[in-house]
Amino acid sequence: MSRATYAHKFVKAFPDNLEEGILYVSMEFGTAAHRCFCGCGSEVYTRFSPRDWSMKFNGESVSVSPSIGNWSFPCQSHYILDGGRVRWADKWSRERVELGRRVDRDRKERHYNSAPQAPLSPQTIEPASRPGIIARLVRWLAAK
Numbered sequence: 001m002s003r004a005t006y007a008h009k010f011v012k013a014f015p016d017n018l019e020e021g022i023l024y025v026s027m028e029f030g031t032a033a034h035r036c037f038c039g040c041g042s043e044v045y046t047r048f049s050p051r052d053w054s055m056k057f058n059g060e061s062v063s064v065s066p067s068i069g070n071w072s073f074p075c076q077s078h079y080i081l082d083g084g085r086v087r088w089a090d091k092w093s094r095e096r097v098e099l100g101r102r103v104d105r106d107r108k109e110r111h112y113n114s115a116p117q118a119p120l121s122p123q124t125i126e127p128a129s130r131p132g133i134i135a136r137l138v139r140w141l142a143a144k
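So for the sequence shown, the numbering used here puts the first residue at 1; every next one is plus one.
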């Protein structure tokens, strides 16, 4: 039976047996895991990276984007994890899945083969040009 909602748990390591209806998030491994929300029982692992999925935690709930398409599973489920709600998405044809995979592959290749950007260099912060305490004391005494 497909799910409409899910809970989340932040973990250091994934449990041996993933509980139904729970999205496990490991910041240490940059990965989320859950049992497929269609109810088929398959384990779904989602790796976070600049060119794959990202996770948002708003203090109460976790969202994952973009959508999760389980094209390699018999169920071929497709859904969006949005703040504790499972939003079911359209089924994709084999051609659309292949096109999506090619686009992803090309985007990753461009990202990882592009020239690295220069790291931001730290800027030196100059101290304020305020006179020191001795200079201020002398000025104060001179004013009297």
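Because the hints were derived from the structure by calculation, they are not lab data. Wrong hints could be hidden among the right ones.
[Claimed, not checked] Computed Cβ-Cβ distance ranges for the label pairs, DEER-style:
hint: 1; residue 1: K9; residue 2: C40; range: 18 to 26 Å
hint: 2; residue 1: P122; residue 2: C40; range: 32 to 40 Å
hint: 3; residue 1: D104; residue 2: S129; range: 24 to 32 Å
hint: 4; residue 1: H111; residue 2: S2; range: 47 to 55 Å
hint: 5; residue 1: G83; residue 2: N113; range: 52 to 60 Å
hint: 6; residue 1: R130; residue 2: R85; range: 52 to 60 Å
hint: 7; residue 1: R139; residue 2: G83; range: 18 to 26 Å
Small disclaimer: the values here were computed from a predicted structure and weren't measured. Each residue gets a CB set at the ideal place from its N, CA and C atoms; glycine is no exception.
Against the structure, the hints:
1. K9 / C40: 18 to 26 Å: Hint holds: Cβ distance 21 Å, inside 18 to 26 Å.
2. P122 / C40: 32 to 40 Å: Since the Cβ atoms of P122 and C40 sit about 51 Å apart, the hinted range of 32 to 40 Å is violated.
3. D104 / S129: 24 to 32 Å: The hint (24 to 32 Å, Cβ to Cβ) is violated, given that D104 and S129 are roughly 54 Å apart.
4. H111 / S2: 47 to 55 Å: violated, 33 Å
5. G83 / N113: 52 to 60 Å: violated, 35 Å
6. R130 / R85: 52 to 60 Å: holds, 55 Å
7. R139 / G83: 18 to 26 Å: Given range 18 to 26 Å: violated, Cβ gap about 60 Å.
The earlier numbered hints that this structure contradicts are 2, 3, 4, 5, 7.
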